[in-house]
Structures are given as C-alpha cells and as structure tokens.
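Sequences listed follow chains A and B, in order.
The opening position of the first sequence corresponds to residue 19 in the numbering used here, with each subsequent residue numbered one higher.
The opening position of the second sequence corresponds to residue 2 in the numbering used here, with each subsequent residue numbered one higher.
One or more of the hints may lead you astray.
Unchecked claim - Pairwise CB distance ranges, derived in the manner of DEER restraints: (1) B:Tyr60 x A:Ser301: 32 to 42 Å; (2) B:Ser190 x A:Ala106: 22 to 32 Å; (3) B:Ile116 x A:Leu322: 26 to 36 Å; (4) A:Trp105 x B:Pro3: 27 to 37 Å; (5) A:Arg202 x B:Arg177: 42 to 52 Å; (6) B:Leu180 x A:Leu35: 23 to 33 Å; (7) B:Arg191 x A:Ser24: 45 to 55 Å; (8) A:Leu322 x B:Leu180: 27 to 37 Å; (9) B:Tyr60 x A:Ser306: 18 to 28 Å; (10) B:Leu180 x A:Arg221: 16 to 26 Å; (11) A:Leu322 x B:Gly118: 29 to 39 Å; (12) A:Ala106 x B:Phe261: 16 to 26 Å; (13) B:Gly186 x A:Ala28: 48 to 58 Å; (14) A:Ser301 x B:Glu220: 43 to 53 Å.
As the list claims (entries may be wrong) - Listing some non-contacts, in silico: residues in chain A with all C-beta distances to chain B over 12 Å: (15) Ile122; (16) Arg129; (17) Ala140; (18) Glu298.
Treat the hints as calculated values from the structure; they're not laboratory data.
Backbone N, C-alpha and C define an ideal beta-carbon position, used for all residues, glycine too.
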Amino acid sequence: MSALRSIAGAVGAHPVLAFWVFFAFFPFLVPNRSLATQVLIFGLFALGFNLLYGYTGLLSFGHAAYYGLGAYGTGIALAKLHVGSLWAGLGAGLLLSAAGGAVIGFFCLRRRGIYFAMLTLAFAQLLYFTGFHLADWTGGDDGLRGIPQLTLGLGPWKYSIETTLGFYYFSYVLVGLAVAMLKRILDSPFGAVLQAIRENGSRAVACGYDVNRVKHLSFVFSACFAGLAGALDALRLTVVPIESLYWTTSGQVVMMTLLGGAGTFFGPFVGAATYLILEERLSLFTESWPIVIGAIFSAFVLFLPKGIWGTLTGGIHGRQSA
Amino acid sequence: MPDLSTLLAQVFTGLVLGMIYVLLAIGLSLIFGLMTVVNFAHGALFMLGAYFGVFLLTYTKSFWVALIVAPLMVGALGLLMERFLIRRLYGRSPDDPLLLTFGLSLILVEGVKVIWGKIGLTLDPPRALAGAVDLGFMAFPAYRLFLVVVIVAVLVGLYLFLGRTNIGLIIRAGSRDPLMVRALGIDLSRIWLLVFGLGTALAGLAGILAGPMRGAYAEMGVTMVIESFVVIVVGGMGSLLGAVVAGLLIGQVVGLTTLFVPKLAEIMVFVVMAVVLLVRPSGLFGEAGLLE
Numbered sequence: 019m020s021a022l023r024s025i026a027g028a029v030g031a032h033p034v035l036a037f038w039v040f041f042a043f044f045p046f047l048v049p050n051r052s053l054a055t056q057v058l059i060f061g062l063f064a065l066g067f068n069l070l071y072g073y074t075g076l077l078s079f080g081h082a083a084y085y086g087l088g089a090y091g092t093g094i095a096l097a098k099l100h101v102g103s104l105w106a107g108l109g110a111g112l113l114l115s116a117a118g119g120a121v122i123g124f125f126c127l128r129r130r131g132i133y134f135a136m137l138t139l140a141f142a143q144l145l146y147f148t149g150f151h152l153a154d155w156t157g158g159d160d161g162l163r164g165i166p167q168l169t170l171g172l173g174p175w176k177y178s179i180e181t182t183l184g185f186y187y188f189s190y191v192l193v194g195l196a197v198a199m200l201k202r203i204l205d206s207p208f209g210a211v212l213q214a215i216r217e218n219g220s221r222a223v224a225c226g227y228d229v230n231r232v233k234h235l236s237f238v239f240s241a242c243f244a245g246l247a248g249a250l251d252a253l254r255l256t257v258v259p260i261e262s263l264y265w266t267t268s269g270q271v272v273m274m275t276l277l278g279g280a281g282t283f284f285g286p287f288v289g290a291a292t293y294l295i296l297e298e299r300l301s302l303f304t305e306s307w308p309i310v311i312g313a314i315f316s317a318f319v320l321f322l323p324k325g326i327w328g329t330l331t332g333g334i335h336g337r338q339s340a
Numbered sequence: 002m003p004d005l006s007t008l009l010a011q012v013f014t015g016l017v018l019g020m021i022y023v024l025l026a027i028g029l030s031l032i033f034g035l036m037t038v039v040n041f042a043h044g045a046l047f048m049l050g051a052y053f054g055v056f057l058l059t060y061t062k063s064f065w066v067a068l069i070v071a072p073l074m075v076g077a078l079g080l081l082m083e084r085f086l087i088r089r090l091y092g093r094s095p096d097d098p099l100l101l102t103f104g105l106s107l108i109l110v111e112g113v114k115v116i117w118g119k120i121g122l123t124l125d126p127p128r129a130l131a132g133a134v135d136l137g138f139m140a141f142p143a144y145r146l147f148l149v150v151v152i153v154a155v156l157v158g159l160y161l162f163l164g165r166t167n168i169g170l171i172i173r174a175g176s177r178d179p180l181m182v183r184a185l186g187i188d189l190s191r192i193w194l195l196v197f198g199l200g201t202a203l204a205g206l207a208g209i210l211a212g213p214m215r216g217a218y219a220e221m222g223v224t225m226v227i228e229s230f231v232v233i234v235v236g237g238m239g240s241l242l243g244a245v246v247a248g249l250l251i252g253q254v255v256g257l258t259t260l261f262v263p264k265l266a267e268i269m270v271f272v273v274m275a276v277v278l279l280v281r282p283s284g285l286f287g288e289a290g291l292l293e
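One chain only, chain B, in its complex shape:
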C-alpha cells in the first residue's frame, strides 16, 4: 500500500487530468447539444491549442498572452470550420459531420507535423508558477494548482453565461427545441457559429493549459478526444453537470489505477464506461432518448 501522501498526490494528479477532461467534454457537449455535431476534430484542436501556445510564447515571451490568444486562435479556426464546411451538412445524417471532422482532424494532425516537425515541443510554464506550493499536508506543483483554478473559473463563467444571459437562454432553448426557437424569430445559425467557436476555443484552452505538463506533440489530441467521448457517454450527452462529474470521475479512475495497477490505467476508463452502459445506458445525468 502506498502511504497517504502519495495517495493524496495521486488524487490531485487525477483531479488535474479530470479538469482537462471536463473542459474538453463541455466543449464537445455544448456543440453536440445544440447542433448534434460530434466534433471529432476536437482532439486536433486541443493539440493546436498547445502548438499555438508554443508559437506565441516564442514570439511574445509571455505565457499570459499565449494563454489568452491561443484559445482565441483555435476558436477562430473553429468559426471558419463551422461557417464554411460543417454548415453545409446540417440536415444530413448526424454521421456526416463526424465523418467530415474526422477528415479535418487528419489534415490538422499531419499539417502540424509539416509546420512544426514530427518531434514534440516543450512549453515552459511561467516563472511565477514554476515552483511548488505547500498545501500543509503535501507539496504540489504550483502550475497544476493554477490550472485547476483557471478551469474552475472558466466553468463558473460558463455556468453564468448559459444560465444568466439572454444568449445563454437561447442556447439552452435551441438545444431543446430548435424549431420553436426559430419560430420565435431567432436566427439560430448565428448562435450555432458562436457555440462552435466557443466549444473549440475551450478545446484550445485545454490544449495550452495541458502544454506545460505534457508538451506539444501531434498525436496528443487523439487519445484525449476518445477519452472525452467516454466522459460524455458516462456523464450523459448534453448534460453539462454530467460532463463535470464524469470528467472528474474518469480523472480519478486514471490517476488511481496508475498508482495501483499502472498497466490497467488506460483500460479502466473503458471498463467504467461499459459498467455505466450496463447499469444506466443514458449516462449518469443523461435523459433517455435525448438527441438519439
């Protein structure tokens, strides 16, 4: 048995990983909830967030600028994707956007290798966050703590945006009954564009936040997007609360299995998914039949 402080350290590591899952899953879930598009390119955009971060850090020398601008760049790319490509597929089978974004993610992943090379790059955290923080019972890297705080702040902001603003109201209504929203004279296509940009920007933010921990490499998004799909299946698609709970749960599952049975770490994620499917097919917080 590992001692208590190792265990606690691993719980915190799991929390950090879980937070990144939450950010990715919320972006996916928002996009899916509103326009039934499963964005396979979400992982590639996560990866681009990290690469844009490295790029901006090299030229501006400021992590803080990179932290703000990289997600905006990824979001801008998302806007272009929705406006010029994915929009053409509305009204066709929901499989088609998945297939298209699969093709796009292939282009992005290989494109990054052409521009930045096949070998991964490192992304240094800002000097202010380089050390460790003494939490009383253990020391924890300051950057990881910062990451948790940023993501919690973003989640609270998102919650207020969706719950307290007019646009948020339209987004929630649009994912329940788009026909009715349109009948009320609201131009949903602008909302779709906005939400796609927002969701992809969250993927970019997750990417640059993850960068200082795992570096930037072309394939970094692929396993993340698949695991984010698992988070969504476990949490219930379209449920933001579900994405948070399931993301944190999967983070702990990975963190703790890594500690006890390292070989099973990747496998346990899918085992949890299988169990949830057996017990609660619509996910922990999902409504049965929603958007199926």
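Chain A with its partners taken away, still in its complex shape:
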C-alpha cells in the first residue's frame, strides 16, 4: 500500500509526463488492444465530466449530450457532408459539443444545487429524442453509419488509423494533448477559482468573482472534452449508435469518474479502466453484469467516496491531489 502510494505521489507530481509514459506502453499491458483505446476515450470523457463535477462541484447527469454531439458532429461531417478531412470532421464535433455546452449550460446554470443535476439530465434526454427523430441526419434508431476512417495528412506525412494500434496512437496523441490542456486549465488562476467555487461558492462571490460566468466556462470546457471523446469514439466504431445520447451513457461516465476518484487528476482514467475491464470480464459470466457494477458503485458512494485513485493519493494531498 505504501509503495502504491509513493508511486501515486510521483505520478501526481508530474501528471502529464506520467500520462505520456504510461499510455505509450498501455496497449501491451491489457488483454486486448481495442480495450486500451476504449480506456483512453472513456478516460477523456470522464476527464471532462470530472472538470465539472470533481473540480467545480457541479454534478451533471447529462454528459451524454456533449459526448453524443461530438460523435454526431464528426460523424455527420464525415459521412453525410463528406468534408473529406479528418481534422475538419473532428473540428465539427468539437464545435457542436461546445455550442451545445454553451446553450444547455446557460439553461442549467439558472438553477443551483441538486436542480442542476436534474436539468442536465432533462436536456440530455431532449437531445436524445431530437436525435432519434432527426433520422435523415442521425440515422435515428439504426445509428449513423458509414463514417470513413480517412488517412491523416500532416504535410508530407501520411498516417493510417485503420489498424487498432494505429488508431490507439492517434487517440493517444489527441488525448495526451487534452490532458496537458486540462492540467494547464487547472493550474491557471481560472482553475483556482473553479476549486474555490467547489469549496465555497458564496465566498467566491464575495471575493468578487463572476461565479456564474466561471461555471459556464467550466461547463463549456467540460463539454469540449466530452465532445472530443465522442468524436474519437465515432471514428473508432465508424458508427454513432443512438445510445450515445441516452441517459445510460451519462450514467456510465458518472460511475467511471466516481469509481476512479472525482476531483483527482488520474481518477477518471483509473475509473474508466476499472469499469471497462469489469464490464468485459463480467459479461463473460452473466448478462446481468450491470447489477454487479451497480452494487460496486453504490458501495463506493457509501464507503469509498474518494474512489480508487483518491484513496491511494488521499493520504498525501487530500481531495485536490494528483
């Protein structure tokens, strides 16, 4: 335990470097490589959720909305509008999720506290039903199919994302940049205000911060991370299932983040890996694996609210750690 803690401490001191080193070898440490990519993508999704919940103290039960908007934005740009460039496709997904975050965030932030969670959930359902009925654009119930895995061109360089490892390292670079970006956000004065709001909102107001604007900005950033994750997942699967927008997807990211440790830098990745490995192993034995995950999650809420990573690092830094 103490050895684990000191490793966790070292990782906490240089989280971005730790990400680059660890995930460079990650596909060779897990039983199958597509799982490694899933951990990266869902880790990024949870990272975005965690910015809002773990660092700003706002519980969103509707993050499927931004994940789904990212996925559909990229999918529609590539499969329906045939933009012909992977970068343009990713950009479309990011833009759509940012816009969605800005609009929905505006509405949800009109209510505080527990209402916020219910509103985020309600607006995500609104998008789900909208996506369901706009079948010409989204494929409706069948999902959006036929997203091409275009070859990447960076000047004279060509890079194919059609192989599993090729796709993994493509995601690795993008997720790594997102991780570095998040670290930058959290270390900035803006990041300090976020955490001040989480600790004591009224005091942050009293200090003269425009708390609602800061929360809104955090909401949009969070939506962008979730959107990038959705966009990457659309490219990985080459389809966007309608479930991307469903409340179960929102629930998944909540569970991943809390299992790993909300408010910790690496918790989301730890949680995503734990959840996905559990799902993969359990589904070999029983169809009813959600019961087991639900029970584990409930037990974590009751007895281990800091999550796996938060408990490991908790002895050193407390809640704001690593």
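Here the structure of chain A is known, so what remains is to put chain B in place on it, guided by the hints.
Same frame as chain A, but now just chain B:
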C-alpha cells in the same frame, strides 16, 4: 383538424398521464422537501409497483388486493433503503444520495429482468372496470376513470394528512427548518423514515395503477422519473400544489402534442421546461432559493 370528440378523448388521456406524473412528482417532492434527497430510484420503484402488482394478481387473483399490497411492498422496500443505506449519507453533499439511488435503480432494473425476464408482462384490469363509461359526449375506458378517481382521493387524503394531523405538521415544519424542529425535541429521523416510505409507496401505487394501461417492463420507470423531474422543476421543488399543476400541465402537453405532432411529444416536455426556466427559474410555484 381532429374533430371535437377526438380532441376531448385526448384531453382525457392527457389527464390520466398527468395524474400519474402528479403521483410520482408528489412522492419525489415530499422526500426532497424534507431531506433534500433526490430519489433517482423513484422510477425503478414505480416499475416495481407494476411488477409486484402482476405477481400479487397471479397469486391472489384479486386486483383489489394487489392495488393495496403492491404499494405497501414498495413502501417497505423504501423503508429499508432509507434506514440502511440513504441514512448513512445525511450530512454529506446532496449529490451523494442521488448517486447512491442511481446505483440502486440500476440494481433494481436489472434484478427485475433476472427474476421476471426481459420481456414485459401484462396486467389485466379487474373485470368490473374492463368496459367503457359513457360520459354523455364520449365513451371513456372505465379503468382510466377509476385511476383518476383513486389518485384524486389519494391526493385529498395526503392534503388532509399534511394539513390536519400532528405528523403532517411536523413534516411541514421539518422541511422548513429541521434544526428548529429538533430543538423542540422531536426525533426527525423517524419522520424521515416515514416520509421516505410514504413517498416510495406513492411511486409503487403509481406503478400498479399504470400497469393495466402500459403493462410492466423493466425500463418503464426511467423515462417516467426523468419526466417527473421535469414536473418538479416546472412546478417548483417542494411545492405540492406546484407538483399537481405542473403534472397535469405536462400530461396535457404530451397528450395534445401526441395528437397534433406525434414526433414532438417527448420533446415538448423539455421545451416547456426550458421556457419555464427562462421566465420563472424557480418554477411556477417555487420559492426562489428554497433548498438550493
């Protein structure tokens, strides 16, 4: 344009749906008002009400027994949930009970699939209520009329209970100022237990009442609980009058959009919510800042 009798029939259908929303929203609102717990498992308990109804109907052959006992079984489960799980989270962030009940609802929904299978079950209304009643201007299924009457009776009973009894007084005082109520020497933890049991029993009642119309299936509660959240946001959290008005309003919105633009039926619910948020952020009957 649909003719008048179709329109009236749809208004009545909306009324029936609205009544179910009211019952769910009142249970949620009572629990929330008193202990700031948002019970995500409310939808799962609604679903369990319908399943317990099917189960009891199979063994007792009596709808009336099922109608009384199924809500009691759901309420008993609610008591256990509060006493052994949710109670541990008082004093922590109000997000934590929401997260816990989310986990519990996952267990309940999947558990039902293990016990009763993945395919939905049907729940027959009693023979006495199988036909239609002639209302003069149109015929309406007798069971739906019965449902409206039962729910109105329950609401009146609840109103009298909260307004005219000592326990009701304590419940109302407890949701205003729990500290003061405790300072007066009242053991609020027993009241919490009672209210959680009552609120969940109302969810169970809504479930068995809805059963003969939509059957029982594992996912039936999920969309209902989300729409009940919308009802609460529209009506104003903690306001029972708000829950009634907003529940009926949302029922009409769904009923009438289904008639005119079926594709927009699910979406309109959330549009109404967005409009209320813009115009009256604290809900139609909510007090600004209450329990935020």
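Here is what the structure says about each hint:
no. : hint                            : result
1   : B:Tyr60 x A:Ser301: 32 to 42 Å  : holds, 34 Å
2   : B:Ser190 x A:Ala106: 22 to 32 Å : violated, 59 Å
3   : B:Ile116 x A:Leu322: 26 to 36 Å : holds, 29 Å
4   : A:Trp105 x B:Pro3: 27 to 37 Å   : violated, 51 Å
5   : A:Arg202 x B:Arg177: 42 to 52 Å : holds, 46 Å
6   : B:Leu180 x A:Leu35: 23 to 33 Å  : violated, 49 Å
7   : B:Arg191 x A:Ser24: 45 to 55 Å  : holds, 48 Å
8   : A:Leu322 x B:Leu180: 27 to 37 Å : holds, 30 Å
9   : B:Tyr60 x A:Ser306: 18 to 28 Å  : holds, 25 Å
10  : B:Leu180 x A:Arg221: 16 to 26 Å : holds, 22 Å
11  : A:Leu322 x B:Gly118: 29 to 39 Å : holds, 34 Å
12  : A:Ala106 x B:Phe261: 16 to 26 Å : violated, 39 Å
13  : B:Gly186 x A:Ala28: 48 to 58 Å  : holds, 54 Å
14  : A:Ser301 x B:Glu220: 43 to 53 Å : violated, 19 Å
15  : Ile122                          : violated, 9 Å
16  : Arg129                          : violated, 6 Å
17  : Ala140                          : violated, 5 Å
18  : Glu298                          : holds, 17 Å
In summary, the structure is inconsistent with hints 2, 4, 6, 12, 14, 15, 16, 17 from the numbered list given earlier, while agreeing with the others.
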